[in-house]
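Chemist: Start counting the sequence shown at 1; every next residue gets the next number (this note's numbering).
In short, the hints are calculated from the structure, not lab data. Heads up, a few of these hints could be off.
As the list claims (entries may be wrong) - Cut-off 20 Å, straight-line C-alpha distance, at most; resulting in silico cross-link-like pairs (PhoX-like, lysine-lysine):
1) Lys29 to Lys41
2) Lys83 to Lys29
3) Lys3 to Lys17
4) Lys41 to Lys17
5) Lys29 to Lys3
6) Lys29 to Lys17
To be verified - For each label pair, taking beta carbons as the anchor points, the in silico distance ranges come out as:
7) Leu91 to Trp113: 26 to 32 Å
8) Pro45 to Leu77: 36 to 42 Å
9) Gly47 to Glu74: 44 to 50 Å
10) Gln114 to Asn22: 37 to 43 Å
11) Leu78 to Asp37: 44 to 50 Å
12) Ser72 to Gly19: 48 to 54 Å
13) Val36 to Glu108: 45 to 51 Å
14) Leu64 to Gln24: 18 to 24 Å
Built from N, CA and C at the ideal position, the CB exists for glycine as well.
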Amino acid sequence: MAKNLVVGTNVHVPVSKLGNFNSQSALYKTIVREIVDRSVKVDVPNGGTANVASSAVHTEVGVLIIRVGDFSTEDTLLDPMAKSLLQYSRLLLTDDTIRLLEVRSTQEVKAFWQQGTGKVVKARRY
Numbered sequence: 001m002a003k004n005l006v007v008g009t010n011v012h013v014p015v016s017k018l019g020n021f022n023s024q025s026a027l028y029k030t031i032v033r034e035i036v037d038r039s040v041k042v043d044v045p046n047g048g049t050a051n052v053a054s055s056a057v058h059t060e061v062g063v064l065i066i067r068v069g070d071f072s073t074e075d076t077l078l079d080p081m082a083k084s085l086l087q088y089s090r091l092l093l094t095d096d097t098i099r100l101l102e103v104r105s106t107q108e109v110k111a112f113w114q115q116g117t118g119k120v121v122k123a124r125r126y
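When you get a sec, could you build the whole thing from the sequences and use the hints?
Modeler: Structural data, given as structure tokens:
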């Protein structure tokens, strides 16, 4: 749930809350046009607007898949599994919100986490 929403903010809204239209993902990225009580008015793909409860609106959405592997199992087990998770995630979200972090030790995960920038280090972007 997004807090402190401002008109003009980019948000992600569940497609099911926007009415009947075809979408390639479960969340639709749109812009807040108006704030009314505990709901917001957002743009929809057909050119109109829709009122959505502010509890259904999210400002930051993403998936981080962390694949911890070793040389012996990467090619035959972990890479296919990671790619399957990526493809499944693409059904739910857009490509710019999905990341795969490939590490071989907990030190690499700690280094990524300590940066605190939200940017993936040593990761493949698909």
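Chemist: Quick one: are leucine 91 and tryptophan 113 within 26 to 32 Å, going by C-beta?
Modeler: For tryptophan 113 against leucine 91, whose Cβ atoms are near 27 Å apart, the range 26 to 32 Å holds.
Chemist: Could you grab the alpha-carbon distance between lysine 83 and lysine 29 and see if it respects the 20 Å cut-off?
Modeler: 24 Å, violated
Chemist: Check the following: the C-beta atoms of leucine 78 and aspartate 37 are separated by a distance inside 44 to 50 Å.
Modeler: 48 Å, holds
Chemist: Per the hint of 45 to 51 Å, is the separation of the Cβ atoms of valine 36 and glutamate 108 within bounds?
Modeler: Once the Cβ atoms are compared, 46 Å apart, the range 45 to 51 Å for glutamate 108 and valine 36 holds.
Chemist: Do the Cβ positions of glycine 47 and glutamate 74 conform to the proposed distance bound of 44 to 50 Å?
Modeler: 47 Å, holds
Chemist: Glutamine 114 and asparagine 22, beta-carbon distance inside 37 to 43 Å?
Modeler: 42 Å, holds
Chemist: Take the C-beta atom of proline 45 and the C-beta atom of leucine 77, compute their distance, and say whether it sits inside 36 to 42 Å.
Modeler: With a Cβ separation near 40 Å, proline 45 and leucine 77 satisfy 36 to 42 Å, so the hint holds.
Chemist: Cβ-Cβ distance between leucine 64 and glutamine 24: within 18 to 24 Å?
Modeler: 21 Å, holds
Chemist: Does the structure keep lysine 29 and lysine 3 at a Cα separation of 20 Å or less?
Modeler: It holds: about 17 Å lies between the C-alpha atoms, which stays within 20 Å.
Chemist: Lysine 29 and lysine 17 were given as a pair; does the straight-line alpha-carbon distance stay at or below 20 Å?
Modeler: 12 Å, holds
Chemist: Check the hint pairing lysine 3 with lysine 17 against an upper bound of 20 Å on the C-alpha distance.
Modeler: With a Cα-Cα distance of about 18 Å, the restraint between lysine 3 and lysine 17 holds, given a limit of 20 Å.
Chemist: Are lysine 41 and lysine 17 close enough, with their CA atoms no more than 20 Å apart?
Modeler: 12 Å, holds
Violation of the numbered hints given earlier is confined to hint 2; every other hint is satisfied by the structure.
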